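Novice: Got chain A sorted already, so can you dock chain B onto it with the hints?
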Amino acid sequence: MQKTADVAIVGGGISGLSIAFQLAQAGVKNIAIIEKNFLGSGATGRCGAGIRMQWGTELNCLLSKYSCEFYEQAHEIFHNDIDIEFEQGGYLIGAGTDEELEQFKRNVKLQNKLGIESVFLSPEEAGEILPHLDITQIKGATFCHRDGHLNPFRTVEAYAEAAKSLGVSIYEYTEVREILRDGNTLKGVRTNKGDIKAPIVVNAAGGYSGLIAGMAAVDLPVYSQRHQIMVTEPVEAMQEPMFMGFSLNIYIQQVPHGSFIMGRSDDSEPKDLRLTSSWHFLEEMSKTCTTLMPRLGRLKIIRQWAGLYNMTADAQPIYDEAPELPGFYHAAGFSGHGFMLAPVTGHVIAKRILGEEPDIDVSCLNVSRFKDGGLLPTESSVV
Amino acid sequence: MNTELSLLRREGLASADDLRGRLPGEEDRKRGPYAVIECFEKIPCNPCVVSCRFNAILPFEDINDLPYVDFSACTGCAVCARVCPGLAIFIVDESMEGEMGTIMLPYEYLPLPEKDRQVLARGRDGKVLFPARVVRVMKGGKGKTALVTLEVPKEYLQEVRSFSIPEEQVSAPGVCTAADLPEESPIVCRCEGVDLEEIRDLIARGYKTVDEIKHRSRAGMGPCQGRSCRQVILSELARDAGVSLEEFEAGSFRPPTTPVSIDVLAKGSEEDAENS
Chain A
98 MQKTADVAIV
108 GGGISGLSIA
118 FQLAQAGVKN
128 IAIIEKNFLG
138 SGATGRCGAG
148 IRMQWGTELN
158 CLLSKYSCEF
168 YEQAHEIFHN
178 DIDIEFEQGG
188 YLIGAGTDEE
198 LEQFKRNVKL
208 QNKLGIESVF
218 LSPEEAGEIL
228 PHLDITQIKG
238 ATFCHRDGHL
248 NPFRTVEAYA
258 EAAKSLGVSI
268 YEYTEVREIL
278 RDGNTLKGVR
288 TNKGDIKAPI
298 VVNAAGGYSG
308 LIAGMAAVDL
318 PVYSQRHQIM
328 VTEPVEAMQE
338 PMFMGFSLNI
348 YIQQVPHGSF
358 IMGRSDDSEP
368 KDLRLTSSWH
378 FLEEMSKTCT
388 TLMPRLGRLK
398 IIRQWAGLYN
408 MTADAQPIYD
418 EAPELPGFYH
428 AAGFSGHGFM
438 LAPVTGHVIA
448 KRILGEEPDI
458 DVSCLNVSRF
468 KDGGLLPTES
478 SVV
Chain B
97 MNTELSLLRR
107 EGLASADDLR
117 GRLPGEEDRK
127 RGPYAVIECF
137 EKIPCNPCVV
147 SCRFNAILPF
157 EDINDLPYVD
167 FSACTGCAVC
177 ARVCPGLAIF
187 IVDESMEGEM
197 GTIMLPYEYL
207 PLPEKDRQVL
217 ARGRDGKVLF
227 PARVVRVMKG
237 GKGKTALVTL
247 EVPKEYLQEV
257 RSFSIPEEQV
267 SAPGVCTAAD
277 LPEESPIVCR
287 CEGVDLEEIR
297 DLIARGYKTV
307 DEIKHRSRAG
317 MGPCQGRSCR
327 QVILSELARD
337 AGVSLEEFEA
347 GSFRPPTTPV
357 SIDVLAKGSE
367 EDAENS
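If you read the sequences in order, they're chains A and B.
For the first sequence, my numbering assigns the number 480 to the last residue and increments by one with no breaks.
For the second sequence, my numbering assigns the number 372 to the last residue and increments by one with no breaks.
In short, the hints are calculated from the structure, not lab data.
Hints are supplied without guarantee of correctness; some may be wrong.
Distance condition first, Cα-Cα at most 27 Å in a straight line; then the derived DSS-like pairs of lysine-lysine [unchecked claim]:
no.	chain 1	residue 1	chain 2	residue 2
1	A	Lys261	B	Lys304
2	B	Lys238	B	Lys211
3	B	Lys363	A	Lys397
4	A	Lys236	B	Lys363
5	A	Lys133	B	Lys304
Among the chain B residues that face chain A by a calculated CB cut under 7 Å, a handful are [to be verified]:
no.	residue
6	His311
7	Pro319
8	Gly347
9	Pro351
10	Val356
11	Ile358
Pulled from the structure, derived: some chain B residues nowhere near chain A, Cβ distances all over 10 Å [to be verified]:
no.	residue
12	Asp124
13	Leu154
14	Phe156
15	Gly219
16	Val231
17	Gly236
18	Thr241
19	Ile283
20	Arg286
21	Asp291
22	Met317
23	Gln321
Being a predicted model, the structure only gives us computed values, none of them experimental.
Glycine included, every Cβ here is placed at the ideal spot set by N, Cα and C.
Just chain A, same shape as in the assembly (with noise of 0.2 Å):
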């Protein structure tokens, strides 16, 4: 294993080898990433890997459009043949209250206002796009075409290909142990395979980002949950964009492959490291999910798994330097949309590596935002 390098990542998943990619492409020489168990072993090959621009407050409508553009041309910027498999067949996003509707109508004018090509539906009208939803149970909905969902397991491998051959070193089944700092003074890190010396480290170790910023003894503020996703059997297409209601609880959508695959979220999952499944998720999914597209009802559940959500208290990611140690960067905190956020991530968090402008002002998204009271609004858009 190398000694030194001039970024040492912490965490493969799809936020380190995006921040590495783009590091790499400005001209950086020496990057490392390292990864405790295979590259996208955590949340990333565990997420839905959703794609929307349709949010409701005008940063993270400006974040997601930065991705979605990227993952539209990642095959160009990329340069290499795998396929990502970005399927846009849109979002469909359901109200459920009367008051969520309300907040629809001014999402959809925030986000035409940014460029974002969604428009208002009628539960009629959505109905035409998705036959299968009961649209009794539901007030209006929102589409835009643009959205859709990717397969992570080859965006993984496709930003780790790219990445490796701009010369990024990647270390699996490596974990670090310690990050070295003398005084305020930063100094690498310590895995259990070796020492590389660095003078800027990333914590991008996603449900994990906790315990490494306690290793380097500074503070952030976030906190991981348990979150579970089931998948069924696979059948010919019949659903074409992801159908997501926040109210409703459930993000449900069909991969190219033909299984279904859902979430929802609930607040009484552990907030702690655990990655088991329960049978709860299972009963209170199929209730959701019946209820909203009963001809679902006969599929069968194959598989469930869990996955951890790196929270903050404002579910807003947190990208910054750590105040107490120059040269250790914080990319966590992603609350759930780590994966679709990558490719501004990556952007983000190179930028302020070199001392550059980012293209979006992320500026609030500092970690002393917690401290200070000045938490953002709270992003109503959420699973």
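Specialist: Then chain B, alone, in the frame of chain A:
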């Protein structure tokens, strides 16, 4: 609760307990040849049931069901043994006079033994029991497994489950030529249609675990959840790494253990609510 794994679960070896209900009674044994099916894994697999022209294998309610023979209907025709992908069906005949009976064994190696030669009969654990004479060889091909019939003392008919050809009978290395091999790479994951070539290609590209191979190829993501392919992938990984199979982690096992419909899951919780 007895938490110790049975020999079957631990080593894959069936014991007398596991065979209960799978062997015929006295009458049926005397009547003629019959099929013994030693299939213990609930996987989505049914060639035996659909191939039987005598309805001698009890019908499945679910494709994951295990096969059981109706010995009053079984003729020992061996059609099921020819199509069982797991090589789990044996045709036993102990209806003849005298001390000797015969057993028909599925055999997927090349070369096939020659009629009347002596081979080494082996038990379920692969250990040599005794030399036995080959009385018949049915060649394989077109999706059918070759069957080799051995003459075996009657008291060993439920013990012999395999055989090997003594080394001196194998004429020379290279007996098996490329022409003998199937053109298509064998399927490893039947649910997702992943073949051996793809698995080996991924291993050659540096993927080191069952989970990594699952993510990249989908092998193990289908309805049987890796029951059919996991062991093959593990042995390929172990061989590549030059270590024994036991040293490899088996990878993640995900619930539910068998496919369950969304309706059943949703109603289950309603019933709970009514009962509470």
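Novice: If a hint holds in the structure, say so; if it does not, say that too.
Specialist: Comparing the hints with the structure gives:
no., hint, result
1, A:Lys261 / B:Lys304, "holds (18 Å)"
2, B:Lys238 / B:Lys211, "holds (22 Å)"
3, B:Lys363 / A:Lys397, "holds (14 Å)"
4, A:Lys236 / B:Lys363, "holds (26 Å)"
5, A:Lys133 / B:Lys304, "holds (14 Å)"
6, His311, "holds (4 Å)"
7, Pro319, "holds (5 Å)"
8, Gly347, "violated (11 Å)"
9, Pro351, "holds (5 Å)"
10, Val356, "holds (5 Å)"
11, Ile358, "holds (5 Å)"
12, Asp124, "holds (37 Å)"
13, Leu154, "holds (23 Å)"
14, Phe156, "holds (16 Å)"
15, Gly219, "holds (36 Å)"
16, Val231, "holds (45 Å)"
17, Gly236, "holds (31 Å)"
18, Thr241, "holds (28 Å)"
19, Ile283, "holds (17 Å)"
20, Arg286, "holds (14 Å)"
21, Asp291, "holds (17 Å)"
22, Met317, "violated (7 Å)"
23, Gln321, "violated (6 Å)"
In summary, the structure is inconsistent with hints 8, 22, 23 from the numbered list given earlier, while agreeing with the others.
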